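J.: These are the residues of each chain, in order.
Number of protein chains: 2
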Amino acid sequence: MSDQFPGYKEKALQLLKQGKAEIGDLVQVTKNGETYEGILIPRTEYGDKKHVVIKLRSGYNIGIRITSTTRIEKIGVGIKPTFAAPPLPEQKSDLPEISIISTGGTIASRVDYRTGGVRPALSASDLYSVVPELSEIARIDAEILFSLFSENIRPEHWVKIAKTATRVIENGVAGVVIAHGTDTLGYTAAALSFALQNLSVPVVMVASQRSADRPSSDAATNLIGAVKAAARAPFAEVVVAMHETISDQTIVFHRGTKVRKCHTSRRGTFQSVNASPLGKIDNGEFSMLVKKFDRRDPSRKLILKPNFDEKVALVKFYPGLDPQLIDWYVDNDYKGIVLEGTGLGHVGNYCSSAIKNAIRNDVVVAMTSQCIWGRVNMNVYNQGRDLLALGVIPLEDMVPETALVKLMWIFGQTKNIDEAKTLLSTNIANEMSPRTLHE
Amino acid sequence: MSDQFPGYKEKALQLLKQGKAEIGDLVQVTKNGETYEGILIPRTEYGDKKHVVIKLRSGYNIGIRITSTTRIEKIGVGIKPTFAAPPLPEQKSDLPEISIISTGGTIASRVDYRTGGVRPALSASDLYSVVPELSEIARIDAEILFSLFSENIRPEHWVKIAKTATRVIENGVAGVVIAHGTDTLGYTAAALSFALQNLSVPVVMVASQRSADRPSSDAATNLIGAVKAAARAPFAEVVVAMHETISDQTIVFHRGTKVRKCHTSRRGTFQSVNASPLGKIDNGEFSMLVKKFDRRDPSRKLILKPNFDEKVALVKFYPGLDPQLIDWYVDNDYKGIVLEGTGLGHVGNYCSSAIKNAIRNDVVVAMTSQCIWGRVNMNVYNQGRDLLALGVIPLEDMVPETALVKLMWIFGQTKNIDEAKTLLSTNIANEMSPRTLHE
Numbered sequence: 015m016s017d018q019f020p021g022y023k024e025k026a027l028q029l030l031k032q033g034k035a036e037i038g039d040l041v042q043v044t045k046n047g048e049t050y051e052g053i054l055i056p057r058t059e060y061g062d063k064k065h066v067v068i069k070l071r072s073g074y075n076i077g078i079r080i081t082s083t084t085r086i087e088k089i090g091v092g093i094k095p096t097f098a099a100p101p102l103p104e105q106k107s108d109l110p111e112i113s114i115i116s117t118g119g120t121i122a123s124r125v126d127y128r129t130g131g132v133r134p135a136l137s138a139s140d141l142y143s144v145v146p147e148l149s150e151i152a153r154i155d156a157e158i159l160f161s162l163f164s165e166n167i168r169p170e171h172w173v174k175i176a177k178t179a180t181r182v183i184e185n186g187v188a189g190v191v192i193a194h195g196t197d198t199l200g201y202t203a204a205a206l207s208f209a210l211q212n213l214s215v216p217v218v219m220v221a222s223q224r225s226a227d228r229p230s231s232d233a234a235t236n237l238i239g240a241v242k243a244a245a246r247a248p249f250a251e252v253v254v255a256m257h258e259t260i261s262d263q264t265i266v267f268h269r270g271t272k273v274r275k276c277h278t279s280r281r282g283t284f285q286s287v288n289a290s291p292l293g294k295i296d297n298g299e300f301s302m303l304v305k306k307f308d309r310r311d312p313s314r315k316l317i318l319k320p321n322f323d324e325k326v327a328l329v330k331f332y333p334g335l336d337p338q339l340i341d342w343y344v345d346n347d348y349k350g351i352v353l354e355g356t357g358l359g360h361v362g363n364y365c366s367s368a369i370k371n372a373i374r375n376d377v378v379v380a381m382t383s384q385c386i387w388g389r390v391n392m393n394v395y396n397q398g399r400d401l402l403a404l405g406v407i408p409l410e411d412m413v414p415e416t417a418l419v420k421l422m423w424i425f426g427q428t429k430n431i432d433e434a435k436t437l438l439s440t441n442i443a444n445e446m447s448p449r450t451l452h453e
Numbered sequence: 015m016s017d018q019f020p021g022y023k024e025k026a027l028q029l030l031k032q033g034k035a036e037i038g039d040l041v042q043v044t045k046n047g048e049t050y051e052g053i054l055i056p057r058t059e060y061g062d063k064k065h066v067v068i069k070l071r072s073g074y075n076i077g078i079r080i081t082s083t084t085r086i087e088k089i090g091v092g093i094k095p096t097f098a099a100p101p102l103p104e105q106k107s108d109l110p111e112i113s114i115i116s117t118g119g120t121i122a123s124r125v126d127y128r129t130g131g132v133r134p135a136l137s138a139s140d141l142y143s144v145v146p147e148l149s150e151i152a153r154i155d156a157e158i159l160f161s162l163f164s165e166n167i168r169p170e171h172w173v174k175i176a177k178t179a180t181r182v183i184e185n186g187v188a189g190v191v192i193a194h195g196t197d198t199l200g201y202t203a204a205a206l207s208f209a210l211q212n213l214s215v216p217v218v219m220v221a222s223q224r225s226a227d228r229p230s231s232d233a234a235t236n237l238i239g240a241v242k243a244a245a246r247a248p249f250a251e252v253v254v255a256m257h258e259t260i261s262d263q264t265i266v267f268h269r270g271t272k273v274r275k276c277h278t279s280r281r282g283t284f285q286s287v288n289a290s291p292l293g294k295i296d297n298g299e300f301s302m303l304v305k306k307f308d309r310r311d312p313s314r315k316l317i318l319k320p321n322f323d324e325k326v327a328l329v330k331f332y333p334g335l336d337p338q339l340i341d342w343y344v345d346n347d348y349k350g351i352v353l354e355g356t357g358l359g360h361v362g363n364y365c366s367s368a369i370k371n372a373i374r375n376d377v378v379v380a381m382t383s384q385c386i387w388g389r390v391n392m393n394v395y396n397q398g399r400d401l402l403a404l405g406v407i408p409l410e411d412m413v414p415e416t417a418l419v420k421l422m423w424i425f426g427q428t429k430n431i432d433e434a435k436t437l438l439s440t441n442i443a444n445e446m447s448p449r450t451l452h453e
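Chains A and B supply the protein sequences, listed in that same order.
The numbering of the first sequence is the working numbering, which starts it at 15 and goes up by one.
The numbering of the second sequence is the working numbering, which starts it at 15 and goes up by one.
In isolation and in its complexed conformation, chain A is listed as follows:
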């Protein structure tokens, strides 16, 4: 890697030096008789030695593989790219109006031209301008709420996102798109599912696994899918819009309480766990995948319940877990503990007395499974029955991460422990599916 040519190595670097082309220069790349013109941009993640990447006049980036016939020539002065938003295209007044709220993440990020690293820098209107198709789908109002990578998003941010979504919905938009990093997107989607009740329009969270500056970016297709759903989908729920697989062809909409990031790098990383996705766009065609859902209904009045209490812990059990960890949470005034047990909902019997002590101290203790898929059933084995007898609450087929968020949300609504337990066992936002015969 070179400081002057971030991300470029070996053959690619050599060719750029020969052509006297710097980052930001207008270059002409010739290969096998074909010619490409564009602005030379830095490689980001996984930069390799075999490609150069240029931004075409259309705004799209392409990677060109270097062969023995490839030549690179600088044909324009070094116009350094800026992050200033270009003017918005003409808005078509007969289209539905939607709001994009940007919180950061890869979908809202670009390469930092000074360091070659990826930084949260792109505004929501930038997003709009690099995807010209959006102006054919909706009139777009855009705002930056944060510029945070999502591992830094905490319950206090969930509150702000929920309040901002409420404000734009009360202003009468046809739908809301929330751009967010992928890392904790599942947690925020669950949080908004509990905080935004009785929705009149869709709230579509969207993200990307690869930034818009990369040739294989999923940012544009995910964003187009999210905007289409916000503008026209028949449902009024909190969903996550992402690639179904590695293919650009299908965008699926996962329910906010059932979605989980299941791969570190693939574009189809998000999966609906123990549930079907709500709907999808396949080759541009929108379809619903479930029969029961909350329908879009402008007459509905949104109920905002934005508070969360962070004194709730997620404890993953493993062989040799020190039960004093549970005591530590009790000593630190935690109100709830969600266990990620093994199998059907177990923890080692050496943890029982610590759990008993927690419950005696009015800590709500609930059980999910680290298997992730399937349903807890604590009636099968002695250890499960013993935990039930102690007062541990089984959380059916709830994703552990959603269970954590739900219990944080519950203690944001009530301090009454019996009410908290009742809410925890009540299905509020499709977080628990009814038991079916053939599962």
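Note that these hints are calculated values from the structure, not bench results.
Being a predicted model, the structure only gives us computed values, none of them experimental.
Fair warning: there could be bad hints in the mix.
Copies of one chain are not kept apart here, so a pair can be met inside one copy or by any two copies together.
[What the hints assert, rightly or not] With a Cα cut of at most 20 Å, we get these calculated SDA-like pairs of lysine to any residue:
id : residue 1 : residue 2
1  : LYS63     : ARG449
2  : LYS23     : ARG449
3  : LYS64     : ARG449
4  : LYS69     : ALA234
5  : LYS325    : TYR364
6  : LYS325    : TRP342
7  : LYS349    : ASP376
8  : LYS349    : LEU339
9  : LYS63     : ASN393
10 : LYS174    : TYR364
11 : LYS435    : ASP400
With chain A's structure known, arrange chain B on it following the hints.
T.: Positioned in the frame of chain A, the structure of chain B alone reads:
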């Protein structure tokens, strides 16, 4: 449910009372002109109101659905089933000799006829006797090491299992089968993969999702697959033998360091994460699924490294995690912390100073991903680079649970922190796959 007829309800219960048949009686069930004879056994998990279950003379259990034409008649005196092992069938001296070591779990459990609950009670020789096919595959030596549900298995038990396996291997068996509960099977499989090095024969862990007393049990097919592999497979590694899907047709062998329980109740719950299974038996036919593996070689001398240090923690990051939790581990003299970070290997920046403090106090801090699938890559984003700069060790595509076990094992081998870090980044038992171009 009835105390006298455990597991039976409504229609089934009524019919049993009419027929004056008690648990343990020889009964005749007539339905649509067909007749079934067997011992009436209690229903266990998920007992429903529509079936009765009888044990046929062959030893297999069948469930018979009750219709309006079903009649039940007691035809024999109530012979209460006992847990005494029947005599072993004649051993064929030309077959390979294998050892079954039973640690407990559903595969080694039966219904407790007094309570109707499932209890660890079946001895390894019981296992043998209820699956007559085993006598055609191998000469079997069997012993009960523990009768534990696997959520109660801890590092101290891993030590005993490793030592017992070593003893029988040194006695010259052709392979070892270890019966174990499914709940923490993945952890124990990883532990044995590190503890038993330079294996000469296969060590095949086996389990079942449904006990042998249930009509849909996977116990017999898994056990047959495990015994076949122990007797004849070409590999000499620690593997887990389980159903590939819900079908009885295919048993797959997962590498001990890559396997994870991924569904609470399905028979095909175990998956190889970020790897292919090592081999499979499909319709009775054995085949390898990878090219590189450790081959069976009786001339090899097993190296036993059975020690583990429990002062290692697995910490799953989530929004709002209290970084004081990390301080608590440091204050309690923990030697290592495996983080289950988000995405490519991140935690919120509000945890950075606690991590820095842990590393300054000679705690080894390593990173895996809660995505489970995929590889950590901490060079892509600022937060990842910052954590690397603090000294956090990225664990590539290692399963978080395996990473925890590996670090416990490492501190059982050395107290030297630099040596520990080197071992952690070294591939010892296929726990890390090399980076590939197209993943």
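J.: If a hint holds in the structure, say so; if it does not, say that too.
T.: Results of checking the hints against the structure:
1. With identical chains, the CA atoms of LYS63 and ARG449 are at most 20 Å apart between copies only, with a shortest distance of 17 Å across copies and 53 Å within one.
2. Proximity of LYS23 and ARG449 under a CA criterion of 20 Å is satisfied inter-copy only: 19 Å between copies versus 55 Å inside one chain copy.
3. Taking the shortest Cα distances, LYS64 and ARG449 sit within 20 Å of each other only across copies (18 Å), while inside one copy they are farther apart (52 Å).
4. In the homo-oligomer, the alpha carbons of LYS69 and ALA234 lie at most 20 Å apart inside one protomer (15 Å), although the nearest pairing across protomers, at 61 Å, exceeds that limit.
5. For the homomeric pair LYS325 and TYR364, the shortest alpha-carbon distance between copies (16 Å) is at most 20 Å, but the shortest distance inside one copy (24 Å) is not.
6. In this assembly of identical chains, the alpha carbons of LYS325 and TRP342 lie at most 20 Å apart whether taken from the same copy (12 Å) or from different copies (16 Å).
7. When the C-alpha separation of LYS349 and ASP376 is checked against a cutoff of 20 Å, the pair qualifies only within one copy, where the shortest distance is 7 Å, while the shortest distance between copies is 32 Å.
8. In this homomeric assembly, LYS349 and LEU339 come within 20 Å of each other (Cα to Cα) both inside a single copy, at 15 Å, and across copies, at 16 Å.
9. In this assembly of identical chains, the alpha carbons of LYS63 and ASN393 lie at most 20 Å apart only when taken from different copies (17 Å versus 58 Å within one copy).
10. For the homomeric pair LYS174 and TYR364, the shortest alpha-carbon distance between copies (19 Å) is at most 20 Å, but the shortest distance inside one copy (41 Å) is not.
11. For a Cα distance limit of 20 Å, the shortest separation of LYS435 from ASP400 inside one copy, 19 Å, qualifies, whereas the shortest one across copies, 40 Å, does not.
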